[in-house]
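Colleague: What follows is each chain in one-letter form.
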Amino acid sequence: MNPIDAADQLPRDADETDLIRAAQAGSREAFHRLVDRHQAALFRLVIVRTRSRMDAEDIVQDVFFKAYAKLDRLKRNAAFRSWLYQIALNKIRDYYRRRKVRAIFGSLEEIPEYDLPESAQSPAGGYRQMARKAFWQEFYQMLNLLAKMEREVFLLRFFDELSIKEISRTLGKGESTIKTHLYRALRKVRERADRFDLKMEV
Amino acid sequence: MAPDAHPHLNSDQLLQAVVSENELTRDLRSHLNRCATCRLEVDRLARRFNAIGRMARELSPDALGRVRLPDRRRRFFLGRRVGLRPALGMAVAMVLLLMIALYQPLGHRSTPTMPAMPDTAGLTPEAEAQLFAEIQALLHNPLPNDYQNLFGAEERFGDVQDLTDFIVPDVEAEAEEELSTSMVKGTA
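So the protein lines, in turn, are chains A and B. This note's numbering numbers the first residue of the first sequence as 1 and each following residue consecutively. This note's numbering numbers the first residue of the second sequence as 1 and each following residue consecutively.
Isolated chain A (complex conformation) (with noise of 0.2 Å):
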């Protein structure tokens, strides 16, 4: 059987590795399934960093193209999360690179309102549309007081939820390095993180 053939038969609980694998051996079907795991977590990591949601979804595409096209130089199948993260966070630096925007989270006129699933009409659409811009000021203000490395971290840990060791990967840097960031990323957000969930109870 034709090994493109015999990767589309997967079955619908297939392991992360055994896609990988299928869609290594050329079968699309495979890379689509992966593509459905991992599109909205990497379409949160890139939109939080580009705050465009245009700008989000033609980046995530390119992730995914890149990824299916470079897919054999994959070493470890295990790693795919990072890797693909990894290629996120390139795109990204390349977006900023062409669009010389001053920093990543720049002023805070710049922060788009996100299309809210809630209608703005409603009052109770209203008032989360409110609390949602209330909380991504307040996010980006905290994200503000840290420094590039760190800011990158911080996200990867809390927002993206990696582990130390997947960051150390994605961001090509030693695991004491990581922590290191990590920790002088706590010690400035701590006190704001207070402030962080009063505002959010308000």
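For the record, the hints were derived by calculation from the structure and aren't laboratory data. Quick caveat, the model's predicted, so the values are computed rather than measured. Every residue gets a Cβ at the ideal spot worked out from N, C-alpha and C, and that includes glycine. Worth double-checking, as some hints may not be accurate.
Partial selection, computed: residues in chain A whose CB lies under 8 Å from chain B [claimed, not checked]:
1) F31
2) F139
3) I164
Once you've looked at the hints, dock chain B against the given chain A.
Modeller: Leaving out everything else, chain B in the frame of chain A:
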């Protein structure tokens, strides 16, 4: 159980524990494992940071569409998806343009080229002044010296003038001549 002689973890040590408990010294680690107060504080801090991340995830917008690989029949050109036929057309057009740009007619009939110009960059000021004087002289009179005196200017223009007068007589000169003749006759 004997009371723990080690003091509680300070705020920085608590943060270190949030990052990685392995980063703490053995004494601090063993204290953390025994001290409910310190353990609660480490957990509280970790929960707070995790809560910020979770809130951010929940408030992030969702992607609108699912990413799918492009159709195999389609290709990309300059970041845009194009069909195979337009891509082939573009490739042919580019090859043709390249051929036109590099076209050399057969039989070594190369396109005329400008004669090599003298390099004036290294001239001394005197030589440059002389060059400019020669250029000015050529502008004034481009005929080389050897050809300047082949014919005398008078002779040359005299002959030509006589010939012209013979073919196309000067009406005004003739009228003037007739007038002067009649005046002479009249006076005579």
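Colleague: If a hint holds in the structure, say so; if it doesn't, say that too.
Modeller: For each hint, the structure was consulted:
no.: 1; hint: F31; verdict: 7 Å, holds
no.: 2; hint: F139; verdict: 6 Å, holds
no.: 3; hint: I164; verdict: 6 Å, holds
In terms of the numbered hints stated before, the structure departs from none.
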